[in-house]
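All letters in the sequence shown, in the order written, are residues 1 to 105 by my numbering.
Keep in mind the hints are simulated off the structure, nothing from the lab.
Hints may be right or wrong, so weigh each one.
[Stated by the list, open to error] Distance windows between CB atoms, simulated:
(1) L72 to S14: 19 to 27 Å
(2) G90 to A4: 21 to 29 Å
(3) T59 to R17: 17 to 25 Å
(4) T59 to G35: 27 to 35 Å
(5) S11 to A87: 17 to 25 Å
(6) D5 to G65: 30 to 38 Å
(7) A36 to T80: 16 to 24 Å
(8) A16 to E98: 25 to 33 Å
(9) L23 to G65: 26 to 34 Å
(10) P15 to H102: 27 to 35 Å
Each residue gets a CB set at the ideal place from its N, CA and C atoms; glycine is no exception.
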Amino acid sequence: MTRADALIWLSNRSPARPDALVLKMMLSVRDCPAGALERAATMTETMGVLGVAALDAVTAEGSEGPELALELLAADAFVTYAFEAAAEEGVSVGPLVERLLHEVA
Numbered sequence: 001m002t003r004a005d006a007l008i009w010l011s012n013r014s015p016a017r018p019d020a021l022v023l024k025m026m027l028s029v030r031d032c033p034a035g036a037l038e039r040a041a042t043m044t045e046t047m048g049v050l051g052v053a054a055l056d057a058v059t060a061e062g063s064e065g066p067e068l069a070l071e072l073l074a075a076d077a078f079v080t081y082a083f084e085a086a087a088e089e090g091v092s093v094g095p096l097v098e099r100l101l102h103e104v105a
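Please put together the full structure from these sequences, using the hints given.
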């Protein structure tokens with residue numbers, strides 16, 4: 001998948017997300033390594049990659065406090081969207097859960 005694919009897919013989600021979350025997620029898509037996105041063959045994988053990358057960014061900062069709330073919400077939203085994409089694409093969620101848990105451990 002490409003950044004454009006991810007952004008287009010995200011723009012078609014309903015209900016609408018708060019503007020601050022939309023911006024944070026767009027920045028997360030922009031900042032995600034291109035190679036990681038290109039290796040994702042499905043939108044399920046793309047959203048999972050973005051969720052893990054967003055969580056990695058939060059934990060790499062080493063900060064605590066309310067300023068991280070939006071970053072954590074973005075990570076949560078990407079993982080939630082990974083499951084939504086899995087339903088749309090007919091992807092089994094069991095392996096997705098195992099992979100995501102392994103990647104963040």
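**Study point:** Earlier hints that do not hold, by number
**Key:** 4, 9
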